[in-house]
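Chemist: What follows is each chain in one-letter form.
Protein chains: 6
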Amino acid sequence: MRNVIVTGCPRADLADVATLAEFGVATVHEALGRSGYLGPAIRPLDQGSRIGGTAVTVLYWPGDNLMIHAAVEQCQPGDILVATSSSPCSDGIVGELVATALQHRGVRGLVTTGGVRDVADLRAMNFPVFSAAISAQGTVKGAAGAVNVPISINGQVIAPGDAIVADDDGVVVVPRASVQAVSAAAARRAESENEARAAFRAGELSLDRSSLRGVLAQLGVQYVDYEADQAST
Amino acid sequence: MRNVIVTGCPRADLADVATLAEFGVATVHEALGRSGYLGPAIRPLDQGSRIGGTAVTVLYWPGDNLMIHAAVEQCQPGDILVATSSSPCSDGIVGELVATALQHRGVRGLVTTGGVRDVADLRAMNFPVFSAAISAQGTVKGAAGAVNVPISINGQVIAPGDAIVADDDGVVVVPRASVQAVSAAAARRAESENEARAAFRAGELSLDRSSLRGVLAQLGVQYVDYEADQAST
Amino acid sequence: MRNVIVTGCPRADLADVATLAEFGVATVHEALGRSGYLGPAIRPLDQGSRIGGTAVTVLYWPGDNLMIHAAVEQCQPGDILVATSSSPCSDGIVGELVATALQHRGVRGLVTTGGVRDVADLRAMNFPVFSAAISAQGTVKGAAGAVNVPISINGQVIAPGDAIVADDDGVVVVPRASVQAVSAAAARRAESENEARAAFRAGELSLDRSSLRGVLAQLGVQYVDYEADQAST
Amino acid sequence: MRNVIVTGCPRADLADVATLAEFGVATVHEALGRSGYLGPAIRPLDQGSRIGGTAVTVLYWPGDNLMIHAAVEQCQPGDILVATSSSPCSDGIVGELVATALQHRGVRGLVTTGGVRDVADLRAMNFPVFSAAISAQGTVKGAAGAVNVPISINGQVIAPGDAIVADDDGVVVVPRASVQAVSAAAARRAESENEARAAFRAGELSLDRSSLRGVLAQLGVQYVDYEADQAST
Amino acid sequence: MRNVIVTGCPRADLADVATLAEFGVATVHEALGRSGYLGPAIRPLDQGSRIGGTAVTVLYWPGDNLMIHAAVEQCQPGDILVATSSSPCSDGIVGELVATALQHRGVRGLVTTGGVRDVADLRAMNFPVFSAAISAQGTVKGAAGAVNVPISINGQVIAPGDAIVADDDGVVVVPRASVQAVSAAAARRAESENEARAAFRAGELSLDRSSLRGVLAQLGVQYVDYEADQAST
Amino acid sequence: MRNVIVTGCPRADLADVATLAEFGVATVHEALGRSGYLGPAIRPLDQGSRIGGTAVTVLYWPGDNLMIHAAVEQCQPGDILVATSSSPCSDGIVGELVATALQHRGVRGLVTTGGVRDVADLRAMNFPVFSAAISAQGTVKGAAGAVNVPISINGQVIAPGDAIVADDDGVVVVPRASVQAVSAAAARRAESENEARAAFRAGELSLDRSSLRGVLAQLGVQYVDYEADQAST
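Chains as they are written, first to last, in the working numbering: chain E, 44 to 276; chain H, 44 to 276; chain L, 44 to 276; chain X, 44 to 276; chain W, 44 to 276; chain G, 44 to 276.
Heads up, a few of these hints could be off.
No copy labels: a pair is met if it fits in one copy or bridges any two.
With a straight-line cut-off of 20 Å between C-alpha atoms, the simulated SDA-like cross-links for lysine to any residue are [claimed, not checked]: (1) Lys-184 - Asp-59; (2) Lys-184 - Leu-140; (3) Lys-184 - Asp-56; (4) Lys-184 - Glu-116; (5) Lys-184 - Asp-89; (6) Lys-184 - Arg-45; (7) Lys-184 - Gly-76; (8) Lys-184 - Met-44.
What the hints contain is simulated information worked out from the structure, not anything from laboratory work. From a predicted model like this one, the values you see are computed outputs, not experimental measurements.
Hey, can you work out the whole structure from these sequences and the hints?
Modeler: Below is the structure:
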C-alpha cells in the first residue's frame, strides 16, 4: 500500500455522468458488458435514491478513519466518496459530522465496504449512503492509508475520477474515459428494453423474442407432460 | 439434474390457497407441524405485502437465467414463480422486463434463493418479490436446467402446484394435497391464539396458561433471589 | 450454564436511563470509551425508533423459547428483554403473542441475537424489536436456560438491570453503576459535536480542527500531484 | 415435520453401492447429471477416506440429539447415518460414545450438516465423519424429530436406503433405484476420462479434444496480442 | 474499553489445570454444565495437540497488534495468550517472531478470534495455536487496548488467570475458582462415559441406557413401518 | 467484461521469482508495504508446500470453466494459473484432468476464488492448489470470459505475468516490474527478523526493541495492579 494522497485528479465530466446516471445501475452494468458492479453486499441506506458522480477513492486501515478525514479536503462538488479498507471491517467510519463536512463540499454521497453510523441523522440530512454495514462502532485516527489511488471492490477497479452510479440496485463504476461510450450503449439498451417491454405487455414471450427455443433444444432440454412423467418415474 | 420442462402440472385450488394465505406464514408453518418454511435468508422486497399462489418451480444454473425465460410460458394466473440454482448464486435473474412478462401472465410474485434487479421498478409495478439478494449482476442464457420439477430450499421440498404463502415473515410451502387440512389446522391455531391474546392482555402468564412451571421444575431450573445469589457467588 | 431465574434484580434508574437514551447509541458508545456496542448484526425491525430501558436478560437453548416465557414474569415497566442463545440460532423466539404479554407488563422492547416472527403485527402494535433475524421458524418449550444472569453479545457483557439504548444504529449496553457518569460524558461529547458541526458547516476541515495533518506527516503519508504521479509510475 | 421413526426401510444393494463408491464422489455426481452433491460445506474429518453405504436419515431439532439416539437402533451393517437439523445448528450431535454405538452396529460413517466432537477419538477409532462443523458444544435430548424420512441437504433429497458415497471431495447421494444405472454411467465416464488423461499427458488440449474453439468463437471471445492490446487501450 | 494493562493477576493452580486438561475440551465443557466453549470458529493449527494453561487476556484494536506486544511481558510459564479484537478482524496478529518471544517466556499457546501467520514456522516450532483465521495480512502498532481485563468470546467470559483447555475440539474456559470442582465433575463424567462405552460395545442402546424411549413416547414420536407408511401417503 | 484471450504476455523473470519465493508469503507481503495479499479465504490443499511462479489470469463465469480450458493453451513452464469468477461461485472448476493438462505444460499450481475437485488425486499428483473451496459440483462450458486480463481478488489486482508466491499463509501477488525491488526489501526484512529472533530468544522484549512503551504511554494505556484494580471497581 502506497501511503499517498493524490491531488489534482481529473474527473469524468459531470454532465456526461448525469446522462449516464439516468439509465440506472442495472442498465449501465449491462452496457459495460456486465461489468463494474460493486456487488450485492453494498446496500443503500435509503430506498428510492439514485446518484451519479465522480469518485474520490479512499483506502483505509481497519478500525481507523484517518484517511476519510484526509479525503474530505480532496473532494469537490459532484464527487462521491468511495472507501474500502485494507482488510474487511464493518466499523462505522462515517457519521453525521463527517457527512456534514462532505455535504458542505458538495459531495453527493458515500459508497463503502465498511459501515456508517448516526444513520437516522444521515437519512434526515438526505446524504445518500451505500454501505455494507450500519455500525455504531467507533474508529481511531492513527493509521496510514491512501486517497485517490485505484482501489478494488468486488473485483472491480475504481480509479479516482471514474463515474459512479448508485441506486436501489447497488453501485456501478464506469471508467472515466468510457462514460460517453457507455452512455451511448446504455441508451441503445434502454431503447431495446422499451421495445421488449411493449412486446411482453402484448403477450410475446422472451422465448420467442430472443430465439431461446433453439437454445433449449440444442442443450437437450425436453418438454414432458406431467401425467406421462409421473407414470414413467 | 433432469433437463426437462414439465407441462400441464396440476395446481392446488386457488380458492383454497386464498383461505390458507389469510393465516400468514408463521401460522401456516405451525399448522404444518413447524415445517415448510423456506428460511430467514429469503426476504421481501417490500414491507407489508402478503401473497398466496401455486408454485411453478425453476432449477437454474448459476449466472444463467435461461430457465426463467422458459418458465414464463408455463405460468398461469395465480402462480408464483419459485426459483433456485444448482449451486448458490446471488446474480440478478429477474428484472423489470421479466417481471412485466410474468405479471402479464397473471403471476402473483417471485420467490428465489438468487437475486433480482431493477428493484425500484419492481416496487413501482407492485410485483412482489421474496429473494435472498438484490443484485444488478447480469446473467447469460446458455445453460440447461428444469421447470416444474421438485426443488428444495432450506431443506423443504417444493413441488409444482404446491401452495406458496409469503409475507413479511418469509415464505412457506404447503403440499398441494394438504392445503385444506392445513387451512383447518391453521384456523384452529388462530382460534387458540385469539384466546391466548385475550388472556395475555388480561395479564395471564404463558407460564401458567401453558403449564410451563412444571417443565421448568422438571428441568431443574431454580428461582434464586438476586441478593442471596450475589452473596453466594 | 447455571439453570436459574434470578428474581428481585436491581435496575438502573429509569429517569437516568431516559437522559442517557436521548444521546443515541453512537454517542453513548463513544462516551463509554468505544465500548458496549452489541454489533452490526442486530438490526431494528422498524426504522426511526429509539428506546431506552433496563435489561432483563435471557439465555435460551437453540430452537427453544421456554426461558422467554419464564422471563415475562420477571419483567416490569421500563424493562427491555435482552435474549441470546447458548449456540447461534435464528429461529423466531418471539412473535405477536409473546410481545403482547411483554407489552402488557410495560416492557419497552426486545433485543435478541435470534429471530422474531409475526413482524407485520409487531410493527402494527409498535413493539420495538432489534434482532439478528426475522424467521417464521417455530420453537419448542423443553430446554433449560437462565433468566437474569449476565450474558454476552458481541464481546459485551449485559448484566440484569443494566441500561440498554437502541436506535437505528443498533444497541448499546451501559453498566447499571455507570449510567450517570456515561450520561455526563455523552453530554460533553454532544456539546463538542455541536461545535464541530457548526465549524464543518462553516467550512473548517477536521484535518485542521483535530490536528490530523501532523498525524499524517508522522505516518509518512505524502501528498503527490496526479500528473507527476502518473508520469513516475 | 412428521415425528416418526420409520422401520424396515429397504436399502440399495451393498454390492452395487460398493461398485458405485469406487468411482468417487466427483465422477458419481457427473454420472447423475451433475446432481446429488451435498455441497462444499460438508467436509471430511480425515483426509484420504472414501466410504459407500446406505442412508439412514435423521431430522433433528437444533441443540438436541435425541433422534440420533433413536436412529442408532434403526442402523444395520453397511449403513451411513445422514443427519440434518430443522434449522441450522453447529452443535456437536455425535461424539465418541455415539460413534462407538454406531460402529458396533456396523455403521460405516456419519454425514451431517451439524457438528461432531471428540474428534481426536473419532479419528483414532477410524470412524469416518463428513460434517459442516467440529464443535464441543453439547446437546440435550428433549425434542422430537424423525428417522428415515426423506431429508434435504443443499437442495438434494436423501431418502432412507439411498446410496451415499463420500470422500475428500464431499458427499453425494444416489437414489436407491438408480444405483446400477449410475454405476454404468460412471464407468463410461471413467473410461472417457482415462482416454482424456492419456491425451492430455501426450499434450493434446481440451480446447481441441472437446471442440471448444468453436464455442469460444461463437461467444465472440477474441484472441488479441498483448503488445497490440496495450497499445490500443 | 478501559485502556489498561493489569499486572500481578492471580492464576489458577497449574497442577489443577493439568488435571483438568487431561479430560479434554468436550468433557470439561459438559462438566461445566455445557458452558465455557469458545465456539466452532476457533480451530487448531495442528491436529492432535492438547494444552492446558492459565489465561493472559488481550483486547486489541482491529488491524493492530500493539497490545499483543504489551501482553508478552505479562506472561509467565504456564500461561496461554487469549486475544480478541474490539471488532471482528482476521488479520495476522501473531507470527513466528512473537511466538518465539512467547515461547521464551514459557507460554504454552495462543487462542485468538483473529489470525496468525508464518504458520509453517509455528508448526515447526511446536507452538500450539487455536485461531479463527490464518492470514498473512500484517498489522500496525498504534492503537490502545487492554491486557488482563475480562474479555468475551462466543458469549463466554474469560478472566485473567482462568484455566484454558484446548484440543482438536476447540477451546474451553473454566473460571479460576472452579477448576478443582470442574475437574471432579469431569472425573465423574469420564467414569460414567467409560461405563457407557463398555455397554455400547456390548450392544446396549442409549435409548435403553438413558431411558429415552419414554421421552420419545411422551413427545408423540411414533414408529411406523416403511411399507405401511408408503401405502398411506 | 472484455471477452478476450490475450497472448504473448511478458512474465516476471523466473529466477527473480524464485529468489522472491524463498522469503515466503508473509515477508513478501510486508516487503510490498503490507499489500498484495489475496486474503485468508484462499487456503492450500496441502500443508507445507511453497510455490512461486508467473500469473496466467482467468476471469470465468459462475458455474462455467470454459475459460480455464482456454487458459491451458496460454500457459508455459513456470506459470501459475490464477482464476476468479465474475460473481462468487464455489463450484469445482479444476479437477484431476485439467490439472494433468496444466502439469504437462509446466504449470506450477492453481490459485482460485472458486473450488476444485478430485482433491485426493490432486494431492497424489503433487499439483499445488490454493482455493477458497473444495467442491465436487461440476461446471458447464458455455459462457465467455477472459484470459490474461488484469483481475482482482481481495482488493489486489493481478496482472498477467505478475509474480505469485503461495505457501501455508496463503497467496501474495507482486507486480512484474517490482519483483527485484521487493526481493531486496524482503531480504532486508528477513535480516532484521533474524536479529529480532535472536534478541527474543535472549529474552529481549519487543516493547523495548521496537520502542513501544512510549506508544503505550502516548495512547494513555495505564498499568494497574490487579489487587488495587479489584478494590477500586
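Chemist: Each hint should be assessed against the structure and marked as holding or not.
Modeler: Against the structure, the hints come out as follows:
With identical chains, the CA atoms of Lys-184 and Asp-59 are never at most 20 Å apart, being 36 Å at best within one copy and 32 Å at best between copies. Taking the shortest Cα distances, Lys-184 and Leu-140 sit within 20 Å of each other inside one copy (15 Å), while across copies they are farther apart (27 Å). Proximity of Lys-184 to Asp-56 under the C-alpha cut-off of 20 Å is found in neither arrangement, the shortest distances being 33 Å within a copy and 35 Å between copies. Taking identical chains as interchangeable, the C-alpha atoms of Lys-184 and Glu-116 lie at most 20 Å apart only when both belong to the same chain, with a minimum of 16 Å there against 27 Å between chains.
With identical chains, the CA atoms of Lys-184 and Asp-89 are never at most 20 Å apart, being 28 Å at best within one copy and 33 Å at best between copies. In this assembly of identical chains, the alpha carbons of Lys-184 and Arg-45 lie at most 20 Å apart whether taken from the same copy (18 Å) or from different copies (18 Å). For the identical chains of this complex, Lys-184 and Gly-76 are inter-copy neighbours only, at 15 Å across copies versus 39 Å inside a copy, given an alpha-carbon limit of 20 Å. Taking the shortest Cα distances, Lys-184 and Met-44 sit within 20 Å of each other both inside one copy (18 Å) and across copies (16 Å).
This entry does not satisfy hints 1, 3, 5, going by the numbered hints stated previously.
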